[in-house]
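A.B. asks: The lines below spell out each chain.
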Amino acid sequence: MANKIMITDPEKCTGCRLCEIVCSVKHNGVSNPTLARIHVVKWDNEGFYMPMRCQQCQDAPCLAICPKGAIYRDPELDSVRIDHELCIGCKMCVQACPFGAMGWNPERGRVFKCDLCHGEPQCVRFCDMKAVDYVETTRLQTGKMREAAESYSELMRRHGK
Amino acid sequence: MALNRKIAYIDLSTGDVKIEAIPLEWRRKFIGGRGLDAYLLNKHCPPGADPLGPDNVLLISAGLLVGTMASASARTHVMAKSPLTNLLGSANMGGFFAPEMRWAGFDHLVIRGRAEKPVYLYIHNGAIELRSAENIWGSGVYDTQDLIRRELDDPETQVLCIGQAGENRVRFACVMTGRKNAAGRTGLGAVMGSKNLKAVACRGTMSIAIKFPEEALEYNKQIIDQVISTKVSQIMQRWGTGFIFGVTNTTGLVRTRNFQYNQLPNSEDIECENLDKYSIGLDGCFGCQVHCRHRYIIKEGPYAGTYAQGPEYTSQGAFGAEVGCRSMNTVLVGNHLVNDYGMDTLEVGSMMAWAMELYEKGLITDKDTDGLKLEWGSDEAVIELVKRIAFRQNIGDILAEGPLPAAKRIGPESLKYLIHVKGMSNLHSDERATPALALNIAVSSRGSDHLRGRPAIDLYNLPMKVLDKVYRNPDGYDGPLTNSYSEYEGKPRMVMWQELVYMAVDCVGICKYHTVFLSPNHPQFKEFARLIYLNTGLEFSEKDIWDVANRGYTAERLFNLREGMTRKDDWLPDRYFDEPTKLGLPVARGKCIDREKFRTMLDEYYRLHAWDANGVPTAELLERLQISDLMTAA
Numbered sequence: 005m006a007n008k009i010m011i012t013d014p015e016k017c018t019g020c021r022l023c024e025i026v027c028s029v030k031h032n033g034v035s036n037p038t039l040a041r042i043h044v045v046k047w048d049n050e051g052f053y054m055p056m057r058c059q060q061c062q063d064a065p066c067l068a069i070c071p072k073g074a075i076y077r078d079p080e081l082d083s084v085r086i087d088h089e090l091c092i093g094c095k096m097c098v099q100a101c102p103f104g105a106m107g108w109n110p111e112r113g114r115v116f117k118c119d120l121c122h123g124e125p126q127c128v129r130f131c132d133m134k135a136v137d138y139v140e141t142t143r144l145q146t147g148k149m150r151e152a153a154e155s156y157s158e159l160m161r162r163h164g165k
Numbered sequence: 027m028a029l030n031r032k033i034a035y036i037d038l039s040t041g042d043v044k045i046e047a048i049p050l051e052w053r054r055k056f057i058g059g060r061g062l063d064a065y066l067l068n069k070h071c072p073p074g075a076d077p078l079g080p081d082n083v084l085l086i087s088a089g090l091l092v093g094t095m096a097s098a099s100a101r102t103h104v105m106a107k108s109p110l111t112n113l114l115g116s117a118n119m120g121g122f123f124a125p126e127m128r129w130a131g132f133d134h135l136v137i138r139g140r141a142e143k144p145v146y147l148y149i150h151n152g153a154i155e156l157r158s159a160e161n162i163w164g165s166g167v168y169d170t171q172d173l174i175r176r177e178l179d180d181p182e183t184q185v186l187c188i189g190q191a192g193e194n195r196v197r198f199a200c201v202m203t204g205r206k207n208a209a210g211r212t213g214l215g216a217v218m219g220s221k222n223l224k225a226v227a228c229r230g231t232m233s234i235a236i237k238f239p240e241e242a243l244e245y246n247k248q249i250i251d252q253v254i255s256t257k258v259s260q261i262m263q264r265w266g267t268g269f270i271f272g273v274t275n276t277t278g279l280v281r282t283r284n285f286q287y288n289q290l291p292n293s294e295d296i297e298c299e300n301l302d303k304y305s306i307g308l309d310g311c312f313g314c315q316v317h318c319r320h321r322y323i324i325k326e327g328p329y330a331g332t333y334a335q336g337p338e339y340t341s342q343g344a345f346g347a348e349v350g351c352r353s354m355n356t357v358l359v360g361n362h363l364v365n366d367y368g369m370d371t372l373e374v375g376s377m378m379a380w381a382m383e384l385y386e387k388g389l390i391t392d393k394d395t396d397g398l399k400l401e402w403g404s405d406e407a408v409i410e411l412v413k414r415i416a417f418r419q420n421i422g423d424i425l426a427e428g429p430l431p432a433a434k435r436i437g438p439e440s441l442k443y444l445i446h447v448k449g450m451s452n453l454h455s456d457e458r459a460t461p462a463l464a465l466n467i468a469v470s471s472r473g474s475d476h477l478r479g480r481p482a483i484d485l486y487n488l489p490m491k492v493l494d495k496v497y498r499n500p501d502g503y504d505g506p507l508t509n510s511y512s513e514y515e516g517k518p519r520m521v522m523w524q525e526l527v528y529m530a531v532d533c534v535g536i537c538k539y540h541t542v543f544l545s546p547n548h549p550q551f552k553e554f555a556r557l558i559y560l561n562t563g564l565e566f567s568e569k570d571i572w573d574v575a576n577r578g579y580t581a582e583r584l585f586n587l588r589e590g591m592t593r594k595d596d597w598l599p600d601r602y603f604d605e606p607t608k609l610g611l612p613v614a615r616g617k618c619i620d621r622e623k624f625r626t627m628l629d630e631y632y633r634l635h636a637w638d639a640n641g642v643p644t645a646e647l648l649e650r651l652q653i654s655d656l657m658t659a660a
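Residue numbers (the working numbering), protein chains in the order written: chain G, 5 to 165; chain C, 27 to 660.
Bound-form chain G, shown alone (with noise of 0.2 angstroms):
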């Protein structure tokens, strides 16, 4: 387990925000894009768009900062998980976090993140294009290189070598 890891591609990103509202539906039953752990940054002069959302960070400063040990992380899927019966509401972990990942719910009077959705991604899953995908690690590393290698390897065929 714990292999796959959420990688995001803004080239492939067309902006819909699909994964957003398929987030909130999914964890809240509704459609609020505040509610959602993905959101799209958008560059709307320039069409340049970014999905962000939490990177499961390994020295995670959310977990660093909260004085409750309500945040830990989980072996399974390699994930950063809140645990709501520890959890006292101070945001502290909203203040930390580098990406802007972590929510604030003030209708539950919950922080909130991404959970992965225990293993099934539901904006990987919605997303068409793949602009946010689920991945094993090694595949990732490979595919990179291949696409890197290939500007090379045209090179030396184009020079019959």
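No lab work stands behind these hints, which were simulated from the structure alone.
No residue lacks a Cβ here, since even glycine has one placed at the ideal position from N, Cα and C.
Certain hints may be false.
As the list claims (entries may be wrong) - Restricting the straight-line Cα-Cα distance to at most 30 angstroms, the calculated cross-link-like pairs of lysine-lysine (DSBU-like) are:
(1) G/46 with G/148
(2) C/257 with C/434
(3) C/247 with G/16
(4) C/442 with C/399
(5) C/387 with C/399
(6) G/46 with C/325
(7) G/16 with C/325
(8) C/442 with C/387
(9) C/32 with G/46
(10) G/16 with C/257
(11) C/303 with G/16
(12) C/247 with G/46
(13) G/8 with C/247
(14) G/134 with C/303
(15) C/303 with G/46
(16) C/552 with C/247
(17) G/95 with G/72
(18) G/148 with C/303
(19) C/594 with C/434
(20) C/237 with G/134
(21) C/247 with G/134
(22) C/387 with C/608
(23) G/134 with C/257
(24) G/134 with C/325
To be verified - Label-pair restraints from in silico Cβ distances:
(25) G/7 with C/499: 44 to 54 angstroms
(26) G/92 with C/330: 48 to 58 angstroms
(27) G/158 with C/32: 53 to 63 angstroms
(28) G/95 with C/176: 27 to 37 angstroms
(29) G/92 with C/32: 31 to 41 angstroms
(30) C/50 with G/82: 24 to 34 angstroms
Starting from the structure of chain G, add chain C where the hints point.
C.D. replies: Below, chain C alone, put in the same frame as chain G:
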């Protein structure tokens, strides 16, 4: 929940804002979006109102399923009496405005009056505020949105606005949101301009509860898979709507040099494949996996470096086929300019092509154009003309009035070259070889228009069993259908069916590419019923949705009749009947529409709608649809 969104009545003259609940009865009868707008327009727009006067009402709405677990539920609808046709003004657009308006608490805005000075509306979590737009007035569509976001210090704000064309009351100015989403047709931007209303900005964080979230989520996945599994969606995902041009141009179904030819030879440069050079990626409206338009950068000339979106099929026609231009750069620049000025690309293209034919015939001279040579294929003339129309300079000022008033100013001879229905220009499509499509533009409730009832799948020559499955439901139609697009028989039913499916999709707020428009296998009445149930809990049968659509379409018809439309307005320009096509494949060459057969189609179309021989809905129909009250208003 999705049913608790409000309607706001806003008087710009007094600044009064009244917020009310939307009665459940209205949902049952009209669902929302365009259908409910049609009812409200009949009720709130006084008969004979000046379209650019304070009495006209501007309706802005989000369909019932906007922002929910319904794929591509992105659509904003805008309605008013049209300054272009003096009949129904109605246009629909994608983007992100409508979902934001729902998260801000509203489904329908009814705007009347005229602000003393330029204003914009700011809608934020149930509250509506009028703010000064004096510093923004004069800005284009791109800058307007940018300035408002900066003023509100919130880049997540969604803005619907007009550009300079709307301010200058160009009678085919658009209402826009984002880089290219346009409520394009019938001149609704001019209505906003006449009200001194520059924009509506929305920001909302109010949840829309989904009735059955788990099931709605799964059903949404099913619908998405259904839509993106069709070939046409997969082509659109890659190329956008520009792919259509290759097909229609090869066959000979596009208007070239206004209406003189039906094909533009040697037009490889404006084919969609050539967009790759300029594209930085595709762009999706809210929640849509079809993402049918490009984000592109202009590479040459004074606009090099500009970021824009599109161009759609329509712009290939407007800045290509119709005016005889063959340059992708011209298509990209023209498309960018009309979007930033906020003008209907289609009407602009048609007006330019008409002007060029008049110039060729000597009905317009260099004196009228201040020396601008309106010659076919002149890239410079086309780009210059776009600007002159937006800013109403010399010949542009005449063209900005729209087809009929412009023809009146130029002279009666010019009228016979005009390709319009009810005072609104046609798309760059040539329908002389396709009677079903010709009927569609003749009877559409907003003037010559393909998005009101075009049976586009008629062009595919589909097997009869496919047509039976689509066009005989959900009311059990047992009349004729034919699967050759040269035929006249059975086509009125196809047009009428499409009118109702497009009305239904506009009531729920889903994109037309997600229904039976370019594919027979896309969602329609049955799927809409299921989507409504899972997202809101309201129960409709597919036949109920059909009835709702019929009610909405009939309400639009009643508005048009009330404003003076008659049977003779459901007709084509003479050139369709008298000038055979010159180019294209054998199936499209040497064709024109047969007057008698067309008249028979029109009679049959009225009969299918349960309208009388003059095209007036019968009292029985209105009673059955429970909208007799609209007849008394008429």
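A.B. asks: Would you mind marking each hint as holding or not holding in the structure?
C.D. replies: So, going through the hints one by one against the coordinates:
| no. | hint | verdict |
| --- | --- | --- |
| 1 | G/46 with G/148 | holds, 25 angstroms |
| 2 | C/257 with C/434 | violated, 46 angstroms |
| 3 | C/247 with G/16 | holds, 20 angstroms |
| 4 | C/442 with C/399 | holds, 22 angstroms |
| 5 | C/387 with C/399 | holds, 13 angstroms |
| 6 | G/46 with C/325 | holds, 23 angstroms |
| 7 | G/16 with C/325 | holds, 22 angstroms |
| 8 | C/442 with C/387 | holds, 12 angstroms |
| 9 | C/32 with G/46 | holds, 29 angstroms |
| 10 | G/16 with C/257 | holds, 21 angstroms |
| 11 | C/303 with G/16 | holds, 17 angstroms |
| 12 | C/247 with G/46 | holds, 25 angstroms |
| 13 | G/8 with C/247 | holds, 23 angstroms |
| 14 | G/134 with C/303 | holds, 23 angstroms |
| 15 | C/303 with G/46 | holds, 23 angstroms |
| 16 | C/552 with C/247 | holds, 16 angstroms |
| 17 | G/95 with G/72 | holds, 12 angstroms |
| 18 | G/148 with C/303 | holds, 25 angstroms |
| 19 | C/594 with C/434 | holds, 19 angstroms |
| 20 | C/237 with G/134 | holds, 28 angstroms |
| 21 | C/247 with G/134 | holds, 15 angstroms |
| 22 | C/387 with C/608 | holds, 19 angstroms |
| 23 | G/134 with C/257 | holds, 20 angstroms |
| 24 | G/134 with C/325 | holds, 29 angstroms |
| 25 | G/7 with C/499: 44 to 54 angstroms | holds, 49 angstroms |
| 26 | G/92 with C/330: 48 to 58 angstroms | holds, 57 angstroms |
| 27 | G/158 with C/32: 53 to 63 angstroms | holds, 59 angstroms |
| 28 | G/95 with C/176: 27 to 37 angstroms | holds, 28 angstroms |
| 29 | G/92 with C/32: 31 to 41 angstroms | holds, 37 angstroms |
| 30 | C/50 with G/82: 24 to 34 angstroms | violated, 49 angstroms |
When the structure is compared with the earlier hints, violations turn up for hints 2, 30 and for no others.
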